[in-house]
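A.B. asks: So the chains spell out like this:
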Amino acid sequence: MDIGFDFKYSVMWESVPMLLTGVKLTILITVFGLLIGFALGALSGLLKISRNLLLRKIAGVYIESIRGTPIMVQVMFIYFGLPLALGMRIPPMVAGIAAIAVNSGAYIAEIVRGAFQSIERGQTEAGRSIGLTHFQTMYYIIWPQAFRRMIPPLGNQFIISLKDTSLLVVVGVGELTRTGQEIIASNFRAFEVWLTVAIMYLIMTLSLSRVLNYIEKKMDINV
Amino acid sequence: MIQIQHLYKSFGNLEVLRDINLEITQGEVTVIMGPSGSGKSTLLRCINLLENITSGTVIVDGHDLKDKNTNINFIRTEAGMVFQQFNLFPHMTALGNVTLGPLKVRKLAKSEADRLGRDILTKVGLADKADVYPDHLSGGQKQRVAIARSLALRPKVMLFDEPTSALDPELVGEVLEVMKQLGREGMTMVVVTHEMGFAREVADRVIFMDEGVIIEENTPEEIFQNPRNERTQNFLRKVI
Ligand SMILES: Nc1ncnc2c1ncn2[C@@H]1O[C@H](COP(=O)(O)OP(=O)(O)OP(=O)(O)O)[C@@H](O)[C@H]1O
Ligand SMILES: [Mg+2]
Numbered sequence: 001m002d003i004g005f006d007f008k009y010s011v012m013w014e015s016v017p018m019l020l021t022g023v024k025l026t027i028l029i030t031v032f033g034l035l036i037g038f039a040l041g042a043l044s045g046l047l048k049i050s051r052n053l054l055l056r057k058i059a060g061v062y063i064e065s066i067r068g069t070p071i072m073v074q075v076m077f078i079y080f081g082l083p084l085a086l087g088m089r090i091p092p093m094v095a096g097i098a099a100i101a102v103n104s105g106a107y108i109a110e111i112v113r114g115a116f117q118s119i120e121r122g123q124t125e126a127g128r129s130i131g132l133t134h135f136q137t138m139y140y141i142i143w144p145q146a147f148r149r150m151i152p153p154l155g156n157q158f159i160i161s162l163k164d165t166s167l168l169v170v171v172g173v174g175e176l177t178r179t180g181q182e183i184i185a186s187n188f189r190a191f192e193v194w195l196t197v198a199i200m201y202l203i204m205t206l207s208l209s210r211v212l213n214y215i216e217k218k219m220d221i222n223v
Numbered sequence: 001m002i003q004i005q006h007l008y009k010s011f012g013n014l015e016v017l018r019d020i021n022l023e024i025t026q027g028e029v030t031v032i033m034g035p036s037g038s039g040k041s042t043l044l045r046c047i048n049l050l051e052n053i054t055s056g057t058v059i060v061d062g063h064d065l066k067d068k069n070t071n072i073n074f075i076r077t078e079a080g081m082v083f084q085q086f087n088l089f090p091h092m093t094a095l096g097n098v099t100l101g102p103l104k105v106r107k108l109a110k111s112e113a114d115r116l117g118r119d120i121l122t123k124v125g126l127a128d129k130a131d132v133y134p135d136h137l138s139g140g141q142k143q144r145v146a147i148a149r150s151l152a153l154r155p156k157v158m159l160f161d162e163p164t165s166a167l168d169p170e171l172v173g174e175v176l177e178v179m180k181q182l183g184r185e186g187m188t189m190v191v192v193t194h195e196m197g198f199a200r201e202v203a204d205r206v207i208f209m210d211e212g213v214i215i216e217e218n219t220p221e222e223i224f225q226n227p228r229n230e231r232t233q234n235f236l237r238k239v240i
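Line by line, the protein sequences give chains A and B. Residues in the first sequence are numbered from 1 upward in steps of one, following our numbering. Residues in the second sequence are numbered from 1 upward in steps of one, following our numbering.
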């Protein structure tokens, strides 16, 4: 049956070099976005469990407002909204990295908070009872255990954030999705190009989860 | 070694300890018994400052716990605490658990701390388990590591909160043995336990608590043979 569609492998191959430049940007945004997001998340996660009510509230407002709004709106707000208030343009790359950082930070905060709170109180008490200071107890006892418990949910979040970078298409960052769009605009081969784009995302996410699985196994010395 | 005067402790409106007066001399082994919720753990935790004192005085080795100049972390190393649930650090080996205090609190060199740690593990019969993680130890072994972890700080007093009640019956003996040994060596100990045999053999004194009050205290022989208070009698009947 002829449906007037002829699939061309060659289109896929030809699109690869250009798409790879998009892949590069996608990775760059993900890595920097998550690095900042992790710092932001660790900080607000710890604030969320701190003894200071005001700090807890501040962290709470941040986490809730990010988790309660679509990432697309956050991206638009940062790129189109904020510059009006700041009176200066924000380069698309910066806006992109900021959006991924601010967004992942809120989710990472919840991961960090959950991991810390899942460590039994007896661990803190045992630490304090051998004369460790509050800080030493955190550093030598609670943090290493909490970190292990964070790895699986962090891995999840990393993969989500990697995929979220495709939303940055709306601010015109030349990441993978945007690059795909541009190729299609010139050759009209939507099927082949989107398929190639999808495969590239898949390769990235699968590699990432492999790496995370490996780290998880490595750290799990005492089953 | 420990002087407690008019100690009161409340959690919100709940008064858990009421006017506790207790003097524990050096080398003395004191066993605390009493029904669940009577405040035994809370009393131990006040001595180790894991709980704030609501009112009254607690003096450990001459240091008033309420005195602003008293270094809380220091007091905690003077009074070692052994918990019912062991609370070993799961991400460290037995030796790692035992040497953490000496390394970070006493600031010993690594080699010195390791030597000390191995000595103490040998003492509790676990020389061969130094490099094993807690998850691969039996309950009795875990509790002995926990005791070693406290001993590594060379405390003046050891506090035990039901150290054998989370253990399978066949593992209780090995832990009690270590504790008896400590008692014989002259360690000052305060032990919350319902192990009569242990109390008879090593305790100098048994204290009976109920509803946050010390209702009877005496030598083990006296308190087990002719308990004066009716509540002590009832409790002992149930335990034996
Ligand atoms: N952190 C806390 N907050 C509120 N109430 C508490 C707290 N810790 C203990 N309590 C209450 O204080 C009372 C005494 O508790 P405690 O643990 O000292 O009793 P116990 O004699 O050790 O009992 P058990 O034999 O069950 O261990 C109980 O009613 C308990 O519910
Ligand atoms: Mg108790």
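The reader is advised that the hints may include incorrect statements.
Using 25 Å as the maximum straight-line C-alpha spacing, the simulated DMTMM-like pairs for lysine to aspartate or glutamate come out as follows [claimed, not checked]:
#: 1; chain 1: B; residue 1: K180; chain 2: B; residue 2: E230
#: 2; chain 1: B; residue 1: K238; chain 2: B; residue 2: E216
#: 3; chain 1: B; residue 1: K107; chain 2: A; residue 2: E125
#: 4; chain 1: B; residue 1: K156; chain 2: B; residue 2: D135
#: 5; chain 1: B; residue 1: K68; chain 2: A; residue 2: E125
#: 6; chain 1: A; residue 1: K24; chain 2: A; residue 2: E14
#: 7; chain 1: B; residue 1: K156; chain 2: B; residue 2: E211
#: 8; chain 1: B; residue 1: K104; chain 2: B; residue 2: E177
#: 9; chain 1: A; residue 1: K218; chain 2: B; residue 2: E23
#: 10; chain 1: A; residue 1: K217; chain 2: B; residue 2: D135
#: 11; chain 1: B; residue 1: K68; chain 2: B; residue 2: E112
#: 12; chain 1: B; residue 1: K66; chain 2: A; residue 2: E110
#: 13; chain 1: B; residue 1: K107; chain 2: B; residue 2: E177
#: 14; chain 1: B; residue 1: K107; chain 2: B; residue 2: D119
#: 15; chain 1: B; residue 1: K180; chain 2: B; residue 2: D204
#: 16; chain 1: B; residue 1: K123; chain 2: B; residue 2: E51
#: 17; chain 1: B; residue 1: K180; chain 2: B; residue 2: E222
#: 18; chain 1: B; residue 1: K156; chain 2: B; residue 2: E230
#: 19; chain 1: B; residue 1: K123; chain 2: B; residue 2: D204
#: 20; chain 1: B; residue 1: K104; chain 2: A; residue 2: E14
#: 21; chain 1: B; residue 1: K104; chain 2: B; residue 2: D61
#: 22; chain 1: B; residue 1: K180; chain 2: B; residue 2: E23
#: 23; chain 1: B; residue 1: K123; chain 2: B; residue 2: D135
#: 24; chain 1: B; residue 1: K156; chain 2: B; residue 2: D64
#: 25; chain 1: B; residue 1: K104; chain 2: A; residue 2: E192
#: 26; chain 1: A; residue 1: K57; chain 2: A; residue 2: D6
#: 27; chain 1: A; residue 1: K217; chain 2: B; residue 2: E222
#: 28; chain 1: B; residue 1: K156; chain 2: A; residue 2: E110
#: 29; chain 1: A; residue 1: K218; chain 2: B; residue 2: D64
#: 30; chain 1: B; residue 1: K156; chain 2: B; residue 2: E51
Just so you know, these hints were derived from the structure itself, not from any lab.
A.B. asks: Taken at face value, is the distance from the CA of D64/B to the CA of K156/B at most 25 Å?
C.D. replies: Holds, at about 15 Å.
A.B. asks: Starting from K107/B, check that the Cα of D119/B is at most 25 Å away, please.
C.D. replies: At roughly 18 Å apart (the allowed maximum being 25 Å), D119/B and K107/B satisfy the hint.
A.B. asks: Compare the distance between the alpha carbons of K104/B and E14/A with 25 Å, and conclude whether the hinted pair is satisfied.
C.D. replies: violated (61 Å)
A.B. asks: When you check the alpha-carbon spacing of K24/A and E14/A, does it fall within 25 Å?
C.D. replies: holds (17 Å)
A.B. asks: Taking 25 Å as the top limit, are the C-alpha atoms of K156/B and E230/B close enough?
C.D. replies: violated (35 Å)
A.B. asks: Between K66/B and E110/A, does the CA-CA distance stay at or below 25 Å?
C.D. replies: Measuring from Cα to Cα gives roughly 37 Å; hence the hint is violated.
A.B. asks: Hey, K104/B versus E192/A, does the alpha-carbon distance stay inside 25 Å?
C.D. replies: Given that 25 Å is the threshold and the Cα spacing comes to 61 Å, the pair is violated.
A.B. asks: Is K107/B within 25 Å of E177/B, Cα to Cα?
C.D. replies: Given pair K107/B, E177/B is violated - Cα atoms ~31 Å apart, limit 25 Å.
A.B. asks: Just to be careful, I want the Cα atoms of K180/B and E230/B compared with a cutoff of 25 Å; is the pair within it?
C.D. replies: violated (30 Å)
A.B. asks: Is the Cα-Cα distance between K180/B and E23/B 25 Å or less?
C.D. replies: holds (21 Å)
A.B. asks: CA of K217/A to CA of E222/B, is that 25 Å or under?
C.D. replies: violated (57 Å)
A.B. asks: Verify the proposed pairing of K123/B with D135/B, using a straight-line Cα cut of 25 Å.
C.D. replies: holds (21 Å)
Comparing the model with each earlier hint shows violations of hints 1, 4, 7, 8, 9, 11, 12, 13, 16, 18, 20, 25, 26, 27, 28, 29; every other hint is respected.
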